[in-house]
Amino acid sequence: MLPGIGPVNAIAVLFPIVYTLEVPPATVMILFAGIYYGSQYGNSISSILLNVPGTSAAAVTTIDGYAMAKKGLGGKALAMSAIASFIGGTLSIFFLAFFAPKLAELAINFGPAEYTVLMVFAFIALSSFSQGSLPKAIISAFLGLAIAAIGIDSTTGVSRLTFGMMELYDGIDFIVVVIGFFAVSEILIMLGQKEGKQSQMQPLTSLWITFKEITESLATSLRSCFSGFLIGVLPGAGGTIASFIAYATEKKILRPNQFGSGDIRGVAAPESANNSASVGSFIPLLILGVPGSETTAVMLGGLISFGIKPGPLLLETSPDVFWGLAASMFIGNLFLIILNLPLVGLFAKILQTPRWILMSLITMLCVVGAYTINGSEFDVLLILIFGLVGYFLRRADFPLAPLILGVVLGDLIETNFRRAMIYSGGDIVIFFESNICLTLWVLALVSLFAPTLINSIQKKVHSQ
Amino acid sequence: MRNSMQSILGILTGTAIAATTMLGVAVAKPGNTECIAPAGAGGGWDFTCRVPAAQVMGDMGLIDGTMAVTNMSGAGGGKAYAHVVTKRGDDENLIVAASMATAARLGQNVYSGFKASDVRWVGALGADYGAIAVHKDSQFKTLGDLVTAMKDNPRRTAIVGGSSAGGWDHLKVLIVADKAGISDLKAINYISFDNGGTAMLEILSKRADAFTGDISELVEYDKQGNIRILAILAPDRISAVPSAKTAKEQGYDVIGANWRGFYVPKNISAARYNEWVDIVTKVANSSQWADLSAKNGLAPFTSFGKDFENFVGGQIGKVAQISNDLGFMK
Chain A
17 MLPGIGPVNA IAVLFPIVYT LEVPPATVMI LFAGIYYGSQ YGNSISSILL
67 NVPGTSAAAV TTIDGYAMAK KGLGGKALAM SAIASFIGGT LSIFFLAFFA
117 PKLAELAINF GPAEYTVLMV FAFIALSSFS QGSLPKAIIS AFLGLAIAAI
167 GIDSTTGVSR LTFGMMELYD GIDFIVVVIG FFAVSEILIM LGQKEGKQSQ
217 MQPLTSLWIT FKEITESLAT SLRSCFSGFL IGVLPGAGGT IASFIAYATE
267 KKILRPNQFG SGDIRGVAAP ESANNSASVG SFIPLLILGV PGSETTAVML
317 GGLISFGIKP GPLLLETSPD VFWGLAASMF IGNLFLIILN LPLVGLFAKI
367 LQTPRWILMS LITMLCVVGA YTINGSEFDV LLILIFGLVG YFLRRADFPL
417 APLILGVVLG DLIETNFRRA MIYSGGDIVI FFESNICLTL WVLALVSLFA
467 PTLINSIQKK VHSQ
Chain B
-9 MRNSMQSILG ILTGTAIAAT TMLGVAVAKP GNTECIAPAG AGGGWDFTCR
41 VPAAQVMGDM GLIDGTMAVT NMSGAGGGKA YAHVVTKRGD DENLIVAASM
91 ATAARLGQNV YSGFKASDVR WVGALGADYG AIAVHKDSQF KTLGDLVTAM
141 KDNPRRTAIV GGSSAGGWDH LKVLIVADKA GISDLKAINY ISFDNGGTAM
191 LEILSKRADA FTGDISELVE YDKQGNIRIL AILAPDRISA VPSAKTAKEQ
241 GYDVIGANWR GFYVPKNISA ARYNEWVDIV TKVANSSQWA DLSAKNGLAP
291 FTSFGKDFEN FVGGQIGKVA QISNDLGFMK
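As you go down the protein sequences, you meet chains A and B in turn.
Each number in this note's numbering corresponds to the 1-based position in the first sequence with 16 added.
Just so you know, this note's numbering puts 109 at position 119 of the second sequence, and the rest follows in order with no gaps.
No wet-lab data here; the hints were simulated from the structure.
Among these hints, one or two may not hold up.
[Claimed, not checked] Among the chain A residues that face chain B by a calculated CB cut under 7 Å, a handful are:
#1 Glu121
#2 Leu122
#3 Ile124
#4 Thr172
#5 Met182
#6 Gly305
#7 Lys325
This one's a predicted model, so the numbers in the text were calculated from it and none came from an experiment.
A virtual CB, placed ideally from N, CA and C, is assigned to each residue, including glycine.
Just chain B, with the same shape it has in the complex (with noise of 0.2 Å):
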């Protein structure tokens, strides 16, 4: 008897707790969810939306249902943010996948004028440190030489990246030169190759003098010991190459953080505006997320909310400035 009302009385919590949490379900998830890449599939915004997203908030319960990812390529993210700005204006249940690249390109202005007041930024959740780094055998030793040559010998001084000109890689070599206090930017000579492993070979082969990219892109070569990391853009040492230095070390206070998060249509609710800056939070500070961000080369990089949209706007304010003064305004 005593067992019977036990079980009895566990079934009612039981259907209680359920009810509750269904509840709670159909007034605060969202639902039919869908998150956009702004590129082709296999990128970093292709990343974004299918694991931060898709996978971890559909593994948390914190929407409902499954997320759809759409691919929509075009304009390096230009044709998603139009698309976002003038189509889906209010539509509550959509994120897009962004980046640093996102910011860079609004610094620019190459987005056909739309400004980043067109969005709201909901957060970050991960990012790959800047680093620079030359071949093993290379007569430069530390960042400060390499700063030298750029600033002695700029023309004979090739540095290679996968971006294009004035993309984030260049701006990165170009954000440490302009700290050190080398006026003449343009001078600089960066060739841009099509992807961080191409410009890598380029310093393998020792024909270019330094490689401008991410860390995640140096790890394996800097275990085989095939480079040497100058300086990373971090503000602290980063462990996956524990014995690069940072910039600020060398007293050049840079961090270049290709951030990865996401910013939702501008006229949706506040209240939604707020879940999803929640939901994004919950994912940053999972345990899931930490592994999956580490295996993917990710270093830990979290802003939310207002405080997010204050840093993108710093950011686009920076690109805008360096930009302007090496004529890749538009």
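One chain only, chain A, in its complex shape (with noise of 0.2 Å):
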């Protein structure tokens, strides 16, 4: 639950050592699935006990999840997100096992002019983010796309807002933003209040989830399943964008809801998404050999010195590796949750800790978390300039959720956009050309117009 210390660097250094224990790939591919896995729900307890998302993909969960920590529900959240986790990774696996060459194709067809699109979808998603003040959140979501614009742009080759300093040239980790704007200026926030009032935080009340809870939250964890299954399958998108996706979507299907201020469902949305989306990200990378995610990356290279070839026809000359993964996927699942639950208890008395001891630990990890992704001090340094301007932006009630969309979606929605416009020679009309098109941006219509419907047709069933 490092922040930071994510899967990449485990199973890169775990690499050799396999590979002189000359274990058979089948295993090795399995050991691979369980640390990507595992360390999917490890990040979660971080994110909803003490506002830190130890990955890009966990960020939307901190909103509600420690929103509910501090209700003293962090019990519920906890036990929530280990179920949700479930529910999205045990289902996607049946679709990777019986539609996975099917969805491949989906991966070839999703071209820079329908990421643009998706991109586009996602940013409507910015309106749910918005709690109060619209301009304000635009201010946020555009600091968020500055953000991402700096560092060495790939179209052109030509360096942006780098100042000349080189550590800059590859562009800001989005971890170090997250911990820096969430973590960091929560830490100031409580710094600023007065110790006799002893937090926000209220005492656990109730640990438990109820069964109410669950099965009020399961259509949810459906939904976002499917979505974050779809989108984990192409390559440039992931389980960051699943996971905003799926939790906006919520959002604004659920009325009434209290998503923002500590909603159950909105731990349940991007927790199942993320889960899902990981596994789907095993599709390009079995079927077409093409690494969705950093982590998938480091496991093609292990398939390829292995002598295992990616491809359409994985499942025919590898079926073990395929299925061992299938099966191995489901069995961690499971003992994910038979781990966890129990436990849910013990990782919520971390909340217990007294604050001096809880502050100064959160401000280790962040520290810990930043340095570790690039080993840079420069990213210590940056932590603290955006908790600096973080809690400004927090007592100037700026929301911050769409400054992190901002920098999430700003890279990939410029790039693709510019590639599609290559191609095209500059003509839009590439935007609206194939059916993938066109049925986003039906999906993005619906979903700007479906709250001021809803809210209008559950009127009118309201006065008659």
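Using the hints, build the complex out of the two chains.
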């Protein structure tokens, strides 16, 4: 659950060891998948309890998860996260097993134009993150876009907003942004409160999730699993986009809701989506040999040096790898929930630690997390700067979620838009040509007008 | 009696041999060694540190103890370069993974003013040669067809690759175009993707016209018959893609080798530099490395010491010239 120390490092370090030990390839893949998988849940613990997301995909979980923890419902949020992850992870394994070759075609047919429209769709989600003032949400999103623009622009090779500093050439890692704006600013806000008031943290009231809460969030988990899986299949999108879209969609569909101030379904949606997205990302890896994330990229290297060729024929040439992987994910899921549910109470006790210890601990986690991403002191400096900026923004009631969304989407939407425009020779018709594009536009329009429609229908029903 | 004499003699000889080797160890072998991979875990530089350096040098007993691998990502290798030049200039036990990308960036002068002469180049022990491919149904049958299209209708000929604009995949196409006498290199339509895999999807979906990358990225697609390799930028044909013609065979004398190798700090002793050259040479010629490099899609490519320094210098000059023409120069 240490932020920054992600599965990529673990896998890369283990690889030479298993290679020398001559472990059979299927076993190795299963080991790697286990690491990939287990770390997803570990990260949600620090997101919910400490507002420190360990991976970019867990950033959305902090919104309602941490809000619940503040209300003393941290235990419930952790339990929900485990259950939703289980649902998302398990169901998506069946999708993987049955539809893998078919879905690989989707990944091929998803070009720059389609990605651009998908990002527009995700940007419409912006409106669901604005609590209160829309102009403030827009300013916040623009700040995020500006942060995303830092670094060498891959389309032209020109460096932007780097001020000649070599540390900025590669851009700023998303985790650095999130740790700074969320966790460090949170520490500053806690410091600003009087000790006597004993924080906004309520004591733990109810630890256990009720059966009613599970059934109420079941539909959310299932929908998010489905959309998360489809997005996970796309090599350019991944868990982060999946969790943002699932959260935004649920916020729009569910009425009434308390999304943003501690709704349990606000934890279920991103957790289910990012787990199913990580299963989905195995499709381009195994069927096309195209890694969808850093972790799967390392796994691809592993597969190849074991003489396993990812490709459409993998199911026939190495069925043991494919089915072993599917089975191991299923067992992994089962173990995660069996291990984690009884431990929820223990994890939640972290919050009963005296505040002076807890805050030092969070600060340490933040610094270690930021440092380990690139082994760079500069990133530690950045989280402090972002923390300060985040503190002032929050004091001035700027919502921070649009900023995060801007950082995530900024680079993707820009590079894909430009790629599509280069293909078409500058003709915007390319964004309306394919069926995938048209479907996404329809979805975007629906998501834009759905809240108003649902509201007016509900009003009619009530007035009758 | 004779038996015991023999065994005593045996033990004595054994000890003598052991003593000499141990003496040799104490004097000659680098100890407490470290290899810096100027990128995160999992990439080519990381592989260069972990496999030929840490693993093979260790297994062959060329270094004392185990070699530590440090990942120092940033600025496309620039952070590690600056670190080695400014802070580790006389570290006798340090080697750093390098590749064609290092030379390309030095050629474009993007390592904040540091030059190739600020370090010492040890050697290369393998390479991934460049290749240009199209979809199997493409109208382009030979490298000549593609070159003609790039000449006559550059805007309508989309070429995709996994490096950023100005990066190695882009440069390879430009070097071919330059050789073919295309004067307006800027007009060539290169679209950058995140990695070779995602760029390949653009070919499989027929959105793009041609792909520029390395041979190792193409081997599987070639076996499945989904693509046609127009040319490989190697001196001779490569057994992994037997039917692919070299660019040279088709009249374009271009070799694009993404070599993998090492550099060391500048101010180490001449004796130690020679030892590192010797160690890398031994690894490059070992059967263990031959096996490991083939499995990882690398072709034989070796160059050591003085030759290697000249080779790197030549590549940097070529990249600098093309980048200057295109305005990628800093």
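Enumerate the violated hints, using their earlier numbering and listing them in ascending order. 1 and 2
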